[in-house]
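Given next are the chains, with one letter for each unit.
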Amino acid sequence: MTDDMSRYPLTLEGDDAPMVRFQNVTKKYGDLTVLDRLDLDVGAGEMVTIIGPSGSGKTTVLRMLMTLETIDSGVIYVDGEPLTHMERNGRLVRANAAHMRRMRSKIGMCFQHFNLFPHMTALGNCMEGPVQVLGMSKKEAEERALELLDMVGMAEKRDQHPARLSGGQQQRVAIARALAMRPKVMLFDEVTSALDPEVISEVTGVIRALVDQHNLTMLMVTHQMGFAREISDRVCFFFDGSIEEQGTPEMLFDSPEKERTQQFLSAVLEAN
Amino acid sequence: MSYLDFLAAHSDRLISGTLITLAQFVLAALVAVAAALISGLMKLAPLKPVRGVATVYIEIFRGTSLLVQLYWIFFALPLFGISLDKFTAGFVTVGLCYGAYGGELVRGAVVSVPKGQWEAALALNMSPLRRMWRIILPQALVGMLPPWGNLMVEILKGTALVALISVTDLMFETRQINNNTFLSAQAFGSALIIYYVFARFMVTPLMRWLERVMARKIGRA
Ligand SMILES: Nc1ncnc2c1ncn2[C@@H]1O[C@H](COP(=O)(O)OP(=O)(O)O)[C@@H](O)[C@H]1O
Ligand SMILES: [Mg+2]
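So the sequences go chain by chain: W and S.
Numbering that gives the first Met the number 0 applies: residue 0 is where the first sequence begins, and numbers increase by one.
Numbering that gives the first Met the number 0 applies: residue 0 is where the second sequence begins, and numbers increase by one.
Because the hints were derived from the structure by calculation, they are not lab data.
Keep in mind that a hint or two might mislead.
Distance condition first, Cα-Cα at most 27 Å in a straight line; then the derived DSS-like pairs of lysine-lysine [as the list claims (entries may be wrong)]:
hint : chain 1 : residue 1 : chain 2 : residue 2
1    : W       : Lys137    : S       : Lys216
2    : S       : Lys216    : S       : Lys114
3    : W       : Lys105    : W       : Lys27
4    : W       : Lys105    : W       : Lys138
5    : W       : Lys105    : W       : Lys183
6    : S       : Lys216    : W       : Lys138
7    : W       : Lys137    : W       : Lys156
8    : W       : Lys183    : W       : Lys137
9    : S       : Lys114    : W       : Lys27
10   : W       : Lys27     : S       : Lys47
11   : S       : Lys114    : S       : Lys47
12   : W       : Lys183    : W       : Lys138
13   : S       : Lys156    : S       : Lys85
14   : S       : Lys114    : W       : Lys105
15   : W       : Lys137    : W       : Lys105
16   : W       : Lys156    : S       : Lys216
17   : W       : Lys156    : S       : Lys114
18   : W       : Lys138    : W       : Lys156
19   : W       : Lys183    : S       : Lys114
20   : W       : Lys257    : W       : Lys27
Chain W extracted, bound-state conformation:
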C-alpha cells in the first residue's frame, strides 16, 4: 500500500498538540489487518484506557508505540515529533535506528508478565537503564532507584531477585524500573492480568498514585472495568482493530451508544 506522506505534518505544534497521536495507522500480520487506519490522540497528562475483547488489537497499539512493532502505514507522533518517521529534506521518511532511540527515551512500558531481569536484584533492575542507557553514575542511579522502589512500596525487597518476589511485587518493581528512565508517556499492558486477585490492589494502588501525583501521560490496557472507570480521563472501546466508541468513563460505562459496546460491557459484567 502506498501512503501519500505529504498529508502528514512534519511536527505537531501548538499548545493543544497531543502528547501521542496515531494518525491513520494500519498494522498487518501477513493478510491479517490487526489495526485499520487508527486515529487516536492522547493529551499531555491524560490517562486513556483501552478496553475491548481479546484479539481486538489493544496490545498492538501499545507495542507499536513502544517501537516493538513496525507499522504498515500512517504515522505515530510522540511529544510533537514523528516516532515512526523522521524528516528528510522536508518530507517524512521511515525513522532510522538513531531517531527511534531518541524518541523511545520518552516512552516507558510495563508488561503483563513483568519481564524483570532475573539475574538482577530489584534494585539492579531499576538501576540498569539509568546507568547503562542514561549514563548516570551508580550512586545517583541508586538514589533514584531507591526513591522509586520506596514509592511502589518495595524498598525493603531491594536486594531480592525477581524469583523471590510475588507477582504483585514483581510488577511494582517493573513499574519502578520503567519510571527510573523518566519517560513522558507510560504504557501499561494488562499489568494485573497475571496476578492473583488478592494482590491486584497493590499494583492498581501504585498506578492510582501515579495518576494523582504525576503529570505522566498514560495509556493503559485493562480488563478491570471498575479500575478503568475510576482513574481514566477517557476510555476507548476497541473492536476488531478500530475504536468502536470512546468517551469519558461515565459516558462509556453508563450510557454506551454502540451495540457492540453494550454487548461487551454486559458480557464483562456477567463474568464478574
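Given chain W's structure and the hints, the job is docking chain S with the ligands onto it.
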C-alpha cells in the same frame, strides 16, 4: 619393578607432560569459548553473509575429524603462508574444533531466552549490543553451562591428539616412556588415570561449581 618404582623413574616426564596437557587444555578452552561466542552470535546476525561465515566454520569443524584438522593447520597451512608453532597449532585447533560445537550451544541458549527479556531491554532503550551483553547472554549462560561441562571434558580428551604433531603433552611423554621401556601397561595406565582424575576431579567439579554460582546469581538457588 613395582609400579611405584616405575612412577619414581618416570615422574619427571609424566609431570612435564601433565603440565603441557594442562596448558593445552586451558588455552584450548579459552579459544573454544571465544570461537563459540563469536560463531554462535554470528549465526543470529540479521545479515545473511555473516550467518553464512559462521555456518561454514561450524560445518567444517564439526564435520571433519580433529586429527585431520590438526594436520591441516600444522602441515598444510604453512603452504599458504601461515605457520604456527606446534604448541600454538595444537590448542588453537582443539579450541576451534570444540568451539564449533559450542557455537551451536550459544545459539540455542540465546534463542531460548524469553522474548519478553529482549522487549523489556528495548523498552529501556538499551542498544542491541547492551541488550545482548547485559541482559541476554547472562541468562543464556545459565542454560548452557551443563552442556558446556561435557564439552570441557571433551576438550581435555581432545588435547591428547596434539601429541601427534609432537607437542610434548602427557600422551606424547607416555609414548616416549613406552618406546624406551616397553612397559605399556604401566605407561598407558598412568596416562589413563591422570586424564581421568583431571576430568573427574578437576574439570567437572569446577563446572558444577560455576553452575551453582550462576544459579545463585540469577536467584534460582
Ligand atoms: N506476532 C504476531 N503474528 C501474527 N499475528 C499476531 C501477532 N501478534 C498479534 N497478532 C494478532 O493480532 C491480533 C491483535 O492482537 P493483540 O493486539 O495482542 O490483541 P489484544 O491485546 O486486544 O488481545 C490478534 O488477532 C492476534 O492474533
Ligand atoms: Mg493483549
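Against the structure, the hints come out as follows:
no., hint, result
1, W:Lys137 <-> S:Lys216, "holds (20 Å)"
2, S:Lys216 <-> S:Lys114, "holds (21 Å)"
3, W:Lys105 <-> W:Lys27, "holds (25 Å)"
4, W:Lys105 <-> W:Lys138, "holds (23 Å)"
5, W:Lys105 <-> W:Lys183, "holds (5 Å)"
6, S:Lys216 <-> W:Lys138, "holds (22 Å)"
7, W:Lys137 <-> W:Lys156, "holds (19 Å)"
8, W:Lys183 <-> W:Lys137, "holds (23 Å)"
9, S:Lys114 <-> W:Lys27, "holds (20 Å)"
10, W:Lys27 <-> S:Lys47, "holds (25 Å)"
11, S:Lys114 <-> S:Lys47, "holds (22 Å)"
12, W:Lys183 <-> W:Lys138, "holds (24 Å)"
13, S:Lys156 <-> S:Lys85, "holds (18 Å)"
14, S:Lys114 <-> W:Lys105, "holds (22 Å)"
15, W:Lys137 <-> W:Lys105, "holds (22 Å)"
16, W:Lys156 <-> S:Lys216, "holds (16 Å)"
17, W:Lys156 <-> S:Lys114, "holds (26 Å)"
18, W:Lys138 <-> W:Lys156, "holds (19 Å)"
19, W:Lys183 <-> S:Lys114, "holds (25 Å)"
20, W:Lys257 <-> W:Lys27, "holds (26 Å)"
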